[in-house]
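S.K.: Once you've looked at the hints, dock chain R against the given chain B.
If you read the sequences in order, they're chains B and R. Take any residue in the first sequence, note its place counting from 1, add 232, and you have its number in this note's numbering. Take any residue in the second sequence, note its place counting from 1, add 1, and you have its number in this note's numbering.
Just so you know, the hints here were simulated from the structure itself, not pulled from any lab data. Even glycine gets a Cβ: it sits at the ideal position worked out from N, Cα and C. Careful, some of the hints might be misleading.
[Claimed, not checked] Straight-line Cα separation of at most 16 Å, EDC-like style, residue types lysine to aspartate or glutamate; simulated pairs:
#1 R:Lys23 - B:Asp965
#2 R:Lys23 - B:Glu968
#3 B:Lys763 - R:Glu132
#4 B:Lys939 - B:Glu347
#5 B:Lys683 - R:Glu212
#6 B:Lys500 - B:Glu547
#7 R:Lys23 - B:Glu961
[To be verified] So the derived list for chain R, only partly shown, Cβ under 7 Å to chain B, looks like this:
#8 Gly79
#9 Arg153
#10 Ile207
#11 Asp219
#12 Arg231
These are the residues of each chain, in order.
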Amino acid sequence: MIYLLILLLSSGVYSQVTIPDGPAVGSIAPDPASVELISISGRLQEKGTRNPLSDVSLFILPHKLKATSDANGQFTFSAVPKGDACSLIVNLSGYLKYQETLPCQETRDRTIYLEKRFYTSFETTVTGKVVKRDDQAQSLTQDEFIKAPGSFGGDPVRAAQNLPGVGQNGGSAQIIVQGASPEDTGYLINGHRVPLVFHFGGLSSVITPEAVERVELLPSGYGPEYSRAIGGIIGLTTKEPRKDRIHGMAFIDLLNSGGLLEGPIDDKSSFLFAARYSYIGQVLKVVAAQNDDFQLSTAPSYYDLTGIYQRRLNEKNNFKTTFIASKDELKLILNRAASDDRELRGKFKNSTQFFRFIPQLTTQIDSRTRMDHSLGLGRDSLLVDIGGRYLDVNSNVISHRSELIKEWKPTSKTFLGLDNQLNSSDFRINLPSSYSVGGVGTPFSVGELRKFEDKETLIQLGVYLRQELKPSDESRWTFLPNLRFDHFSVNDNSILQPRFQLRYQLDPSLLLRASWGKYAQSPRPQEISDKYGNRDLRSPTAIHYTLGFSKDFRGGSSDGLEFTNNYFYKELDDVVNPDLKKNYLNSGTGTIIGGELQAKLRREEWTSQLVYTYLKGRLHTPGFGTRPSEYDQTHNLNLIGSYNSERWTYSARFRFVSGNPYTPVTGASFDSDNDVFIPTRGTIYSERFDPFNQLDIRIDRKFVYEKWILTAYLDIQNLLNSGNAQNVEYSYDYREKKKVRGLPILPTVGLKGEF
Amino acid sequence: MKALSCLLIILCVSCGDDNFRKVDRLVGFRVLAILADAPEVAPGGTVNLQLFVSDPQGAGRTVTAATASCVDPGVSVGATVSCDHDPTRVSGSYAVDTSTPDFVSNLRTGLAAPLSVTVPATILQNRSPREQFNGVSYIVIFDFEVDGERLRTFKRIIATNRGTLNTNPSGSVLLKNNLPFDGTLRKDDGLSVTGTGVESNDYLNIDGSQESRLEQIDVSWYVSHGELDRPKTFLGEETEYQDTPPDSTMLLVSIIRDDRGGVEVMREVIP
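Pulled out of the complex, with its shape left as it was, chain B reads as follows (with noise of 0.2 Å):
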């Protein structure tokens, strides 16, 4: 402001200035007489983005000109003197000050670009922005998975690592949810299940992370639109394409590249389409070259695509569908016998593909009445060749979700449900018989062999009920008894699912929450196979508790502390387990109890984060006794912060597990027919491997331009080089052991450009 008035008395013009709030247009006008008046319109954006900016105001000096934008950014002095020089000027909190100086001509679409102080706001998690419908969700927006530490990239799954109750996974494609075994979690993308999230080695999802808006949790107790998995559910939202203009990014690092496009087709509709292609395979086709053991026939590589088109149907109805596909291949020539099993060599081949069609459409019936229907149409295809040794699965799929929502009175909404799948499977399988438990199972050569071709259809029908209640307007009490009934074909199973939610606002910032609810899931397909498995079992369930509040201390500020802990206990009945005779039965019980917490502390460029999860899982199977369960991680602790400073954001996560357990090898018998030694398990999953640490950073830096940002970054994996074994590998006769260990120090740089 003092610039300001310096710059004003300086030009001699006016001798006293007062800048006036008043209206929009030429608050100042010279005599028209003397004077030649021209005008100077154009557009407000913000630098980069091309966002328009709003509402803000725009001085024209020497004049003493004020115009304000309008809702696209279009600003225009009507009445400027004419002239050989004045100053524009723009001065807008958040953004760094804007002044040029022009020519006072006729000026018309002139563009102004405002440059954001800051262009990322990082912050790692974030729960509550989001609209949730449970209180036991987790959630990340775009804006808050795209830059988390450990994240390689902004992968939204693996930021959804950094969540409470998110295991580590040892750089596996598996997610593990507050102890459950991954298995037991359901992958979904806008609500219609996928068989898989990640590609190869867990480094990235299947969708390009600039096409989702939310990554979302359900760890435990939650409501009855999701079942058939009795650990989680971890389910992607696709975003809504933008409409203002045509956007685009593009990005290559060390694995992969891709790029982005979207926009408006016409007032009604828009579109995106984004696609990646990994070439880590060209990378380690050299590193074979140098390796006897194994020779790459087709470097490994994958790709997805994901396309989405919107469009507002009339007042009532919005459509909108989604495109995915997802492939990931692998054919390689193992010289050498892996663990010595002659049948484990030769040509090696791994191909994983799917793609879903999701059209979705909204009617909004009424202002208190709405309803959802989505698809879920797609192919899911799987091929392990071994040598001849084949496992080939094509599934053509269908899923369907319907949702009537009525709000009754601001006091009760009732939501209506409807959940199917059905799965049309052709099987193709060579393989041996395989008996693994507590991670130690029989070689590959040991098994009987094993050879058949078979179609299944499997469906599985789920109807829900979902019910608010609150006594009255100003109760601090919310009631949710909820309802869920599912069929499952497979075995012939109907199962009713009672869930009760409860919830109490204490005051505006602490909310107290309970919950209490049955969750099952059908066998999976190798264990319900009368081929391979028993057509007899049940359907594995589990019961939920959880307790848990969330206190915000930010008092309406965005600086300051939130804190959230929770509890849970689950009870797992019918866990399937091998067995000799009938290959599998429900012979499994188990208990997973824990807590945890989470603490976000703002302050102003700084944000950090601690996130404590404690868990205790134990898994009963009679002849074995009770043992912790696979994914007993006792301890899980996440150290997040992070600092902006303009362009530069510096982000680190650093993580403590406890070892997974892990079963013993006491020993092992020469099997002289196919000359492989059988290893002999000790007590199961009673040894632990040395504590989990990794330290993850990363840094970017933006680079703004008139029309386009351009960052680039650099993650660093396991700064530490911290050994975390993952494995234990054995000599040819088990004789002699050493631990595996997990992913190395793995630095990542990247450029991405987006307009």
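M.R.: This is chain R only, laid out in the frame that chain B set:
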């Protein structure tokens, strides 16, 4: 680079780089194979078993084992290798003498004395037609205690009502650089086995369909000195000797297995 290499290997096999004893190196007492004069028999049939043993550092000795024979508890589907489940099991003992002239002249590696085993005549009773056709295993377990370590090895004898029974592979020829082996070995020489007779057999799949299968022949390689690049090969596939042979004699062993219990052994003292 190492990180990426490990990443790939984690995907498909495992990150090697160990200092474990090599599977193809003959050092201590070791059972390399068990030969049956008839890998498959009809119920009630008698089989003579011979252990192919290597003990290059044993200096000639007698090593004893406790034996047990019983119906297979289901090793192929995960059962522990043991006869404890079978009240009709047959227990006995067995001795390997590595001081015989044949052992002495072949760096203490050779066939031990035969053990005669009779498969119960009732072994196929109460078995499914598929099991009767494909065969039910009768296992013979040898428990050695040698040099302070327990060694357990076992052999399956397949009892079947299928008319045509498996026989051991035979007629194998050892090649060096695709020529008949000449008794010498140098670094980088390629070794392979050819000429093995490959049989076909009928097999009842789990879906009830009958399939004619060709045996898959595998060769296991062992040396008393040095290392081979591929300790296991397919028939006709080469393995490379990666060391310089010693000035003294060394032993090269190749064991040919079909995938139905048939075995043929070959050994060469070099030079």
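S.K.: Indicate, hint by hint, whether the structure satisfies it.
M.R.: Hint check results:
no.	hint	verdict
1	R:Lys23 - B:Asp965	holds, 10 Å
2	R:Lys23 - B:Glu968	holds, 11 Å
3	B:Lys763 - R:Glu132	holds, 14 Å
4	B:Lys939 - B:Glu347	holds, 11 Å
5	B:Lys683 - R:Glu212	holds, 10 Å
6	B:Lys500 - B:Glu547	holds, 11 Å
7	R:Lys23 - B:Glu961	holds, 14 Å
8	Gly79	holds, 3 Å
9	Arg153	holds, 4 Å
10	Ile207	holds, 5 Å
11	Asp219	holds, 5 Å
12	Arg231	holds, 6 Å
The structure fails none of the hints (numbered hints given earlier).
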